[in-house]
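Undergrad: Sequence:
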Amino acid sequence: MAEGADRLPIRMLHDRVLVSLEGEGGERRSGGGIVIPATASIGRRLAWATVVATGQNVRQVEVGDRVLFDPQDRGEVELQSKEYVLLREKDLHAVAAARVSDDGGQTGLYL
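Going by the working numbering, the residue at position 68 of the sequence shown is 68; the numbering climbs one at a time, nothing skipped.
No lab work stands behind these hints, which were simulated from the structure alone.
The C-beta atom is built at its ideal place from N, Cα and C for all residues, glycine as well.
Just so you know, nobody snuck in bad clues.
Pair by pair, the computed Cβ-Cβ distance ranges are: (1) N57 / G32: 42 to 50 Å; (2) R45 / P9: 30 to 38 Å; (3) A94 / P9: 25 to 33 Å; (4) E22 / Q56: 21 to 29 Å; (5) G32 / I10: 40 to 48 Å; (6) Q56 / I34: 38 to 46 Å; (7) I34 / K90: 31 to 39 Å; (8) P9 / R99: 26 to 34 Å; (9) G33 / G75: 32 to 40 Å; (10) I34 / R99: 31 to 39 Å.
All chains, full assembly: derive it from the sequences and hints.
TA: This is the structure:
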């Protein structure tokens with residue numbers, strides 16, 4: 001388990017993935033340098049999060065990976081005063097991890 005995740009009082013089951021949105025919800029900058037506040041309403045935008053725990057049947061992601069998912073398809077849970085998001089592995093759209101290489105055929109996408 002990742003640093004800090006071993007203290008979580010939870011064990012994930014089946015194909016469930018627990019992710020942390022820490023540091024992901026703030027304001028962003030556009031390609032032209034314009035600051036976009038976190039409260040700005042944009043169409044359906046996918047979100048990045050860090051995996052902190054996985055169930056035993058999860059095959060494509062590991063603890064510590066960054067994953068892309070639809071924020072509307074999520075369940076939120078609070079553990080030890082921190083907010084986490086509970087997802088199914090099939091609800092993840094992409095994985096960004098150092099172990100994912102671009103060697104043709106293995107894109108890291110889980111569709």
